[in-house]
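If you read the sequences in order, they're chains A and F. Numbering-wise (our numbering), the first sequence opens with residue 1 and increments by one. Numbering-wise (our numbering), the second sequence opens with residue 1 and increments by one.
To be clear, the hints were calculated from the coordinates, so they are not data collected in a lab. No residue lacks a Cβ here, since even glycine has one placed at the ideal position from N, Cα and C. Hints are supplied without guarantee of correctness; some may be wrong.
Over 10 Å on every C-beta distance to chain A, these chain F residues come out as not near it, computed from the model [as the list claims (entries may be wrong)]: (1) Met1; (2) Phe18; (3) Arg20; (4) Leu21; (5) Leu22; (6) Leu40; (7) Ala80; (8) Met98.
To give an idea of the chain A side of the interface with chain F (calculated C-beta under 10 Å), a few residues [unchecked claim]: (9) Met4; (10) Pro6; (11) Leu170.
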Amino acid sequence: MKPMPPAELWTQLTASPLLGLSVTLLAYLAGVWLFKRSGQKPLCNPVLIAIVLLSLLLWATGTPYQRYFDGAQFIHFLLGPATVALAVPLHAYWRRLRQMALPLVVALFAGSATAAFSAMGLAWLFGASPETIFSLGPKSVTTPIAMGVAEQIGGIPSLTAVLVILTGILGAMGFPAFFRLLRIRNHAMQGFAVGLTAHGLGTARAFMVSEEMGAFSALGMGLNGVLTAVLLPLLLSLLIR
Amino acid sequence: MLNTLTLLLLYQLGGELFVRLLGLPVPGPVVGMTLLFLTLLARGHVSHETREHVGSFLQHMSLFFVPAGVGVMVHLQRVASEWLPIAAALVISTFAGMAVTAWVIKAMLPKGADHAPGEHT
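All chains should be modelled from the sequences, with the hints used to inform the complete structure.
Structure representation (structure tokens):
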């Protein structure tokens, strides 16, 4: 076989899923390594680092996002089974969850409304375009739900996906310091609030603190996902028309 | 590990079927989670093996968000030109939502409950 010119080799490699998969894993592992090395500094969030590294790589090599995603979608797909898996910690803490049922339900409605409407209101106040405002509405819920809601209310689904992930990174980065500031120490309260506002990324970080915080976070994430999917399109159509 | 992965995929598949057949506005995996939860509740226990596998799978859940997050590239222009409203909306609303949620629970729980270390089962 004749040696291939580098440019052609790159084009061929990016046509298979292997490269997208490998670079995603490598970038994430680099992020995890930095996060641990820094003593879990919030700014060294593994997801944030991975996204920055991969964006730089794609930009430097002139690779279109779609071609990268053709390979990386296998990792993206695992969001589905991971969501299903949350049933196991939920079940483990079911008795404690049930004891707190009423406060949790009231907090769900209050927190969900605050997260969605303050985001849209602030964006409107600061002069964002209508598509951006509506793309921000479902930003606290997990990616697949948020994208579906954005489509229904007049946002841009792929922009919503990005805003959802930025929200998740922000929530995961900020919650330990934020709750110290608020003097809220209870893992159940923290977990439910983190999952409700920062979905799966917040939940992943909550599991690092304790299994209890993770379970409450999974519950907050699941309940807000369902509530937002059902109520946000309905409320907005009532408010606007 | 293979047993657990198959279990999760089958429940996701069940969720997808449910959503399509009934035309629900909720994604399949969320329904799949609910179905698995109800199954576990009916059976009353989870095998130690499953719990361990699920734990290590969920530990790396953040990774699964990376590919969609790189999509920020596609929207870089919009994010750059509307950075102020986007940043203000994301930062303030995320922490406002977090504070309201935690405060409501704290106000509704009996006094002193917020200092309980919590049970570890």
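To see whether the hints hold, each was checked on the structure:
Its beta-carbon lying about 12 Å from the closest one in chain A, F:Met1 satisfies the requirement of being farther than 10 Å from that chain. The claim that F:Phe18 is not at the interface with chain A holds, since no C-beta of that chain comes within 10 Å of its own (minimum 12 Å). Every CB of chain A lies more than 10 Å from the CB of F:Arg20, the least distance being 14 Å, so the non-interface label holds. At the 10 Å boundary, the C-beta of F:Leu21 stays outside the reach of chain A, the nearest C-beta of that chain being 17 Å off.
Look at F:Leu22: its CB is around 13 Å from the nearest CB on chain A, clear of 10 Å, so calling it non-interface holds up. Its beta-carbon lying about 4 Å from the closest one in chain A, F:Leu40 breaks the requirement of being farther than 10 Å from that chain. The Cβ of F:Ala80 lies farther than 10 Å from every Cβ of chain A, with a closest approach of about 12 Å, so its non-interface assignment holds. Listed as a non-interface residue, F:Met98 fails to keep its Cβ farther than 10 Å from every Cβ of chain A; the least gap is roughly 5 Å.
Restraint check, A:Met4 versus chain F: the minimum CB separation of about 27 Å is more than 10 Å; hint violated. At about 23 Å, the closest approach between the beta carbon of A:Pro6 and any beta carbon in chain F exceeds 10 Å, and the interface hint on this residue is violated. A least Cβ separation of about 5 Å between A:Leu170 and chain F falls short of the 10 Å threshold, and the interface hint therefore holds.
Of the numbered hints listed earlier, those contradicted by the structure are 6, 8, 9 and 10.
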